[in-house]
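K.L.:
Each chain, letter by letter, is given below.
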Amino acid sequence: MSALAGVLATVAAMGIGVYLAAALDTLAGRAVGGGRLDVGGALALPVRRGLALLLRPRARTEHPDAEAWALAPAALAGLAAVGLASIPLAPGLAVADVSAGIVLFGAAMALVMVAVFLQGWSANSVHPTIAGYRFVAQALSYEMPLALVLIGAALPAESLSVGAIVESQAHLWNAIRQPLGMPLFLVAVAGLAFWGPLALPEGEDLAGGTSAEISGAARLAWRVAQLMVLVAGAAMTAAVFLGGWHGPWLPGPAWSVLKTVAVLVLLVWARHRFVRVPIERFVWVSWVVLIPLALLDVFLAGAQALWAAP
Amino acid sequence: MGVRSALARLAAGAPTPAFVVAGAGGRWAAEQLWLEPRIAPTPSPRAADALVVVGYLSEGLLPAVMLAHDQVAPPRLAFQWLPDGAPDDPLAAMVPGVRVVEGGSLVEVVRDAHAGLLAGRGDGHEDAWPDVEPAPWRGVGPYGQGGKGMTGGVPYGRPLTGRADDRDGLKLDRLDVRVGPVFPPFPSGLELVVGLQGDVAQDVSVADNPFEGTAVADEVFRRALRQAVPIAELEVARARSHLRWLGGALRVAGLHALGRRALSLGVRAAPGDADRVARLRRSLARGRGLRWLAGAVGVLREDLGGPVGRAAGHPRDARSEVDEYRALGFEPVTQEGGDALARWRQRVAEAEQALRLARVAGDATVGPLDVVEGPRGPLGTGPLLLDLLPDLLVGMEWGDLVTTVVSLDLDLEEAAVRAGVPA
Amino acid sequence: MVALGAALVVFLFWTGSFLALRWAGDALNPPPETAPSRVPFLGGRGPETHAWSRFHVRYYAMALVFLAFDMEMVFMYPWAVVFLEEGLMAGFEMLMFISILVLGILYGWREGAFRWA
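Chains as they are written, first to last, in this note's numbering: chain A, 18 to 327; chain B, 403 to 825; chain C, 1031 to 1147.
Heads up, a few of these hints could be off.
[Stated by the list, open to error] Each computed SDA-like pair below joins lysine to any residue, with the alpha-carbon atoms no more than 25 angstroms apart:
hint : chain 1 : residue 1 : chain 2 : residue 2
1    : B       : Lys573    : B       : Gly597
2    : B       : Lys573    : C       : Leu1094
3    : B       : Lys573    : B       : Pro792
4    : B       : Lys573    : C       : Phe1043
5    : B       : Lys573    : C       : Leu1042
6    : B       : Lys573    : B       : Gly543
7    : B       : Lys573    : C       : Ala1054
8    : B       : Lys573    : B       : Val796
9    : B       : Lys573    : C       : Leu1114
10   : B       : Lys573    : C       : Ala1057
11   : B       : Lys573    : B       : Leu794
12   : B       : Lys573    : C       : Phe1122
13   : B       : Lys573    : C       : Pro1108
14   : B       : Lys573    : C       : Ala1091
15   : B       : Lys573    : B       : Leu562
16   : B       : Lys573    : B       : Ser607
17   : B       : Lys573    : C       : Pro1060
18   : B       : Lys573    : A       : Phe291
19   : B       : Lys573    : C       : Pro1061
20   : B       : Lys573    : B       : Gly797
21   : B       : Lys573    : B       : Pro561
Hints listed in this document are in silico derivations from the structure and should not be mistaken for laboratory results.
Next comes chain A alone, as it looks inside the complex (with noise of 0.2 angstroms):
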């Protein structure tokens, strides 16, 4: 794809899927809280909500580090649309499907620490410099799972590119062929997106930590730069783990983009249901049992390919 039209698609995808996540956020929290599920409500809110934040000004800090805090949020959008940009939506509808995939999503994942850092170190104020310091601790942690099952997916296809580690799930899904990657990898995104448990720099303890110090134009971006990490991680979990396009009646764009809302539902609803990890128990168990066995899965699905191989 051109450069000109990949933009133009991570656009498309970005809005639709930054809408909707947000759109289901209100849903969910209407379901769990119990009250009336206004559908109509709930589908305006989001613009409703962008509107109203586009309309105040943006607040400041006494001495803030205005370059930073000015790049933080753009870098977070960027980095998530490079992530996503990886991802083929079907065979040749990409907008960067490298032989090297998921290495360029895990380095774009990878720099979201940096940019999460710098929103947190910016705005020069106690509580958003604890919320900063707090994901590098998490970023740290989920590094390695969101990488080691990537690996695992990719050795059946003999490949890095997305585009084949699709291809290699024509007949089974790897959800099923690899049974402890997908749920390692939600786990990987939640703390990527710092969503829902995970959301350790934004949490009520830290009176919004990385976004208690915003309003106005910067808040919406930062919002929206979270969700659209959110996105890019739940497409890429409907590639890898959940066979992308693959799927009968209907186009494969239709499926890619179905499996995504589908795990986006997913992810919005263990925000509601799950309380928040505090930041040692989450570095411990990350360390002691998500990444052995995330190394499990990879020599688990290095034997399965090698048995399936022929």
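Guided by the hints, dock chains B and C onto chain A, whose structure is given.
P.N.:
Chains B and C alone, transformed into the frame defined by chain A:
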């Protein structure tokens, strides 16, 4: 300006983000704003368009509320809700443009004003505090740098912090912060002076209670000291208090929607809701999340009375001395461990027990009693939990610190009333 | 190469458009300039010092273990591509490599690198 007003009309349909402060006598009304779908309380004033003060303000809370007012990005709105027939409150004099609302129409007033603000008709630009730079410029160079010592001078208006010893030998910087009376996860009025190294609190002390002198006492339980009160009324009030606490605690733990459900149950709990509370208790007991959040955090094993003492396994309850309760088959509920998780479980279990008692009590009354068991312990007696905070919180990571403070269900108004009223 | 170029253009587009959005927002609604409105939020009083400081990052031991695993990940990327060709032997070699690193996790666990309060 047609585009702007059309966009503003669309935007006004979203809930108004408001920073809610609970003054004296306003705790429950402030919590009820979380249930109002047209108002969205925010975790920080920067995220808000309006400051809403519910209740009276004392001199102790006034400076903090004025600063919170200024931290809402201008143009801003400010409201104060007072019960009917209220005397003058210092807030209106100190904060320009605050609208005082009495009686029941707070939400409508806020919504109207917010719609006007978004359409550009607001003029709330004035600050409460004077526009003075925080620290005078000091130093030699053009940015305040230079002067004596390594970080001599006052760069950009505030000094840089210095180093302090730490328990693992690394001597790194220590931030001394006063996490103040209007910090949303803390109970209103609690101000902690914390010395933070990294995200661990090395040094904690509690500042003066700002409610001294203006607190409004909680009526239902105090009435039982003077006259006969129906048991059902006492127990329903107890259950409501615990459920409202649960709503707030779930919100701080990240489960906003479930917290709202608990809060709405707490606002209108009736004796017939015992089964719903039992379902809530069972759903909280499932899964490891709560155990990770609050297990082995903030352990208090002493017999402090109230739910905190009972969560540590001491079955002391003033209700077991009362014949009417014994006739209903009352036995104190206890948990083991005395950590924050035990306190969570204790309060939900006590709420369920209270509703069941209310159901079987019928018209039975009790009182006047010598000692009334309130939702936080026997009224007017027992050690102040506030005094235990410094020793309890030292060395905790910040998230655990907030979890512990939330699990103690502190009420600074009640503590101030107790300090002011002779025994 | 063309694909990577497209990815770079996507990154620059999104970063640039968010920066443009921020600049446009500032032009329409200028951020406040007064001193009290810029005090960092602590819940009551303002802070006494800057928050910028030599923050005590207590998880530095975990970060070192992470570095080791990061380098192992670098080796696993090309290994994943050639694994099926090379067969079982490649699996055993990687298993040996991983088990040495898992010793690092066990050491960190014992030494309390993953908890810090």
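K.L.:
Now tell me if each hint is right for this structure.
P.N.:
Each hint, compared with the structure:
At roughly 14 angstroms between alpha-carbon atoms, Lys573(B) and Gly597(B) fall within 25 angstroms of each other, so this suggested pair holds. Our distance criterion of 25 angstroms between C-alpha atoms is met by Lys573(B) and Leu1094(C), whose separation comes to about 20 angstroms. This hinted pair checks out: Lys573(B) and Pro792(B) have alpha carbons roughly 23 angstroms apart, not beyond 25 angstroms. For the proposed pair Lys573(B) and Phe1043(C), the alpha carbon gap of about 44 angstroms is over 25 angstroms, so the pair is violated.
Restraint check for Lys573(B) and Leu1042(C): the C-alpha separation of about 41 angstroms exceeds 25 angstroms, so the hint is violated. Our distance criterion of 25 angstroms between C-alpha atoms is broken by Lys573(B) and Gly543(B), whose separation comes to about 28 angstroms. Proposed proximity of Lys573(B) and Ala1054(C) is contradicted: the alpha carbons are some 44 angstroms apart, above 25 angstroms. Pair hint Lys573(B) plus Val796(B) holds up; C-alpha atoms about 18 angstroms apart against a cutoff of 25 angstroms.
Straight-line distance between C-alpha atoms of Lys573(B) and Leu1114(C) comes to about 52 angstroms, which puts the hinted pair past the 25 angstroms bound. Between the alpha carbons of Lys573(B) and Ala1057(C) the distance comes to roughly 45 angstroms, so the proposed pair goes past 25 angstroms and is violated. Only pairs whose Cα atoms come within 25 angstroms are accepted, and Lys573(B) paired with Leu794(B) is accepted, the gap being roughly 24 angstroms. For the hint linking Lys573(B) to Phe1122(C), the alpha-carbon distance of about 45 angstroms lies beyond 25 angstroms, and the restraint is violated.
With a CA separation close to 43 angstroms, the supplied pair Lys573(B) and Pro1108(C) exceeds the 25 angstroms bound. Between Lys573(B) and Ala1091(C), the direct Cα distance comes to roughly 17 angstroms. Compliance with the 25 angstroms bound is thereby established for this hinted pair. For the given pair, Lys573(B) sits about 15 angstroms from Leu562(B) by alpha-carbon distance, which is consistent with the 25 angstroms threshold. Among the hinted pairs, Lys573(B) with Ser607(B) is consistent with the structure: their alpha-carbon atoms are about 22 angstroms apart, no more than 25 angstroms.
A C-alpha spacing of about 41 angstroms is found between Lys573(B) and Pro1060(C), which places the hinted pair above 25 angstroms, so the restraint is violated. Between Lys573(B) and Phe291(A) the alpha-carbon distance is near 37 angstroms, which puts this suggested pair outside the 25 angstroms criterion. This hinted pair does not check out: Lys573(B) and Pro1061(C) have alpha carbons roughly 38 angstroms apart, beyond 25 angstroms. For the hint linking Lys573(B) to Gly797(B), the alpha-carbon distance of about 16 angstroms falls within 25 angstroms, and the restraint holds.
In summary, the hint linking Lys573(B) to Pro561(B) is supported, as the alpha carbons are separated by about 19 angstroms, within the 25 angstroms threshold.
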